[in-house]
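One letter stands for each residue in the lines below.
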Amino acid sequence: MSPYLALQAETVKFRGHNGDQGEAYYARPIAAGKYPGIVVIHHLPGWDEWIMEVVRKLAHHGYAAISPHLYFREGSDSPDDIGARVRAAGGVADSQVIGDVAGAIAYLRAQSNASGKIGMIGFCSGGRHCYLTACTLSGIDAAVDCWGGNVIVDNPKDLNAKRPVAPIDLTEKLNCPLLGIFGNDDANPTADQVNRTEAVLKRLGKNYEFYRYDGAGHAFFNTWRDAYRPEQALDGWKKVFAFFARHLASAATSVAAE
Amino acid sequence: MCSYIVEKAALVGSAKGRKGWMRIDTANVYFDHPYYSTLDHVLAIDFTNEGEGGRDRVAVELSADSARALVARILAALASGEAAHEPADEPAHEPADGRPGRAITDSTAAA
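Protein sequence lines, in the order shown, are assigned to chains F and C.
When we follow this note's numbering, the leftmost residue of the first sequence carries the number 1, and every step to the right adds one.
When we follow this note's numbering, the leftmost residue of the second sequence carries the number 1001, and every step to the right adds one.
Derived by calculation from the structure, the hints in this document are not laboratory data.
Check the hints yourself; a few may be wrong.
Claimed, not checked - Below, simulated BS3-like cross-link-like pairs (lysine-lysine); rule was C-alpha separation at most 27 Å, straight line:
hint: 1; chain 1: F; residue 1: Lys162; chain 2: C; residue 2: Lys1008
hint: 2; chain 1: F; residue 1: Lys239; chain 2: F; residue 2: Lys34
hint: 3; chain 1: C; residue 1: Lys1008; chain 2: F; residue 2: Lys157
As the list claims (entries may be wrong) - Now the stretches of chain C that chain F is said to cover, found in silico as 3 or more residues with beta-carbon under 8 Å:
hint: 4; segment: 1003–1012
hint: 5; segment: 1052–1065
hint: 6; segment: 1073–1083
To be verified - Some chain F residues close to chain C (C-beta under 7 Å, calculated; not the full set):
hint: 7; residue: Glu49
hint: 8; residue: Ala88
hint: 9; residue: Gly90
hint: 10; residue: Ala93
hint: 11; residue: Asp94
hint: 12; residue: Arg109
Computed from a predicted structure; not experimentally measured.
Beta carbons: idealized from backbone N, C-alpha and C, even for Gly.
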């Protein structure tokens, strides 16, 4: 694959859940043509610089990528202060996240560069949101769950008004291919929970691929963390891009710039 | 792991943040991924005033060992500090300027 070296990246406005106007980080190749869209669902700490690097990385590989700021309703502040307030309030409601992701998808589809194919990738709580959204929204062509914890909820008391349903219980409605990336040393999800998730996907005949990495725990793609594992992350990203290439290519997609 | 688990402590106190001193009524305490530290997990404490909206905070991120050591030092400081500030049995002495006062104990000698 030849990289798309000429990119444009910026903060844009989008309409999320309930029509609320929020901000999103949007990056895409500049060259004229049609590109598959990918929604990047950020992790629990928030809409931070690492997530924006991921958005640009996807654009570098030929995608129109957008990451909606799921905490935009908290106002403007540093990502860590906003993330702390959201945590103190018990997080954001699943219904709101699904609505915001739907709004980001609508934004991508409305662009003149849209090929018509839509993928999603989420990290940490974003991985869980990705799984949940792939079981809820239609019109998604590929979903990538990177170490999403709490897809399986072993303690029913962990369900609440904001997160009323365990995503695993919605698996029957999963309507697109799913890629899962997990570190075997992760505490949430544990290797056992990943195995149990896979068992449900297999039982329901879903199109999925799971990759598990030894010597890696949670967030091992994140170059800003001590958890970063370069060897495992390089392989994981190869899996992600191969998966997106298989499921998001279309006749309308631009040929990679030579 | 990333979780929404937060232990909340109701507080009476104050903290100095980016806007100066503020009253605090809550400490949000959690063990999870940090924002600033490069550690994989930290014991994070956000001192805030939720009664006033909780928008400002004084944030701390500590390793687990540091947090446990801090707990021990907090308890030690309370024990020695409260002992040092126990009301003295001897009567208050008259300072040189004639104002009524109290006997002052040099608590540093006990450290």
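Status of each hint after checking the structure:
Between lysine 162(F) and lysine 1008(C) the CA atoms are separated by roughly 19 Å; this keeps the pair inside 27 Å, and the hint holds. Under the criterion of a C-alpha separation no larger than 27 Å, the hint pairing lysine 239(F) with lysine 34(F) is consistent with the structure, at around 23 Å. Between lysine 1008(C) and lysine 157(F), the direct Cα distance comes to roughly 18 Å. Compliance with the 27 Å bound is thereby established for this hinted pair. Three residues within the 8 Å Cβ limit are the bar, and the segment 1003–1012 of chain C against chain F gives 4, so the coverage statement holds.
Residues of the segment 1052–1065 of chain C lying with their CB closer than 8 Å to a CB of chain F number 4, which satisfies the three-residue condition for coverage. Taking a C-beta to C-beta cut-off of 8 Å, the segment 1073–1083 of chain C contributes 0 residues in contact with chain F, too few for the three needed, and the coverage statement is violated. Given hint, glutamate 49(F) at the interface with chain C, is violated; its Cβ is 11 Å from that chain's nearest Cβ, farther than 7 Å. Hint on alanine 88(F) holds. Least Cβ distance to chain C is approximately 5 Å, under the 7 Å limit.
Residue-level restraint check for glycine 90(F) holds (minimum Cβ-Cβ distance to chain C is 6 Å; threshold 7 Å). Given hint, alanine 93(F) at the interface with chain C, is violated; its Cβ is 12 Å from that chain's nearest Cβ, farther than 7 Å. The criterion of a C-beta within 7 Å of any C-beta in chain C is not met by aspartate 94(F), whose closest approach is roughly 12 Å, and the hint is violated. A cut of 7 Å between beta carbons decides the hint on arginine 109(F): the least distance to chain C is about 30 Å, and the hint is violated.
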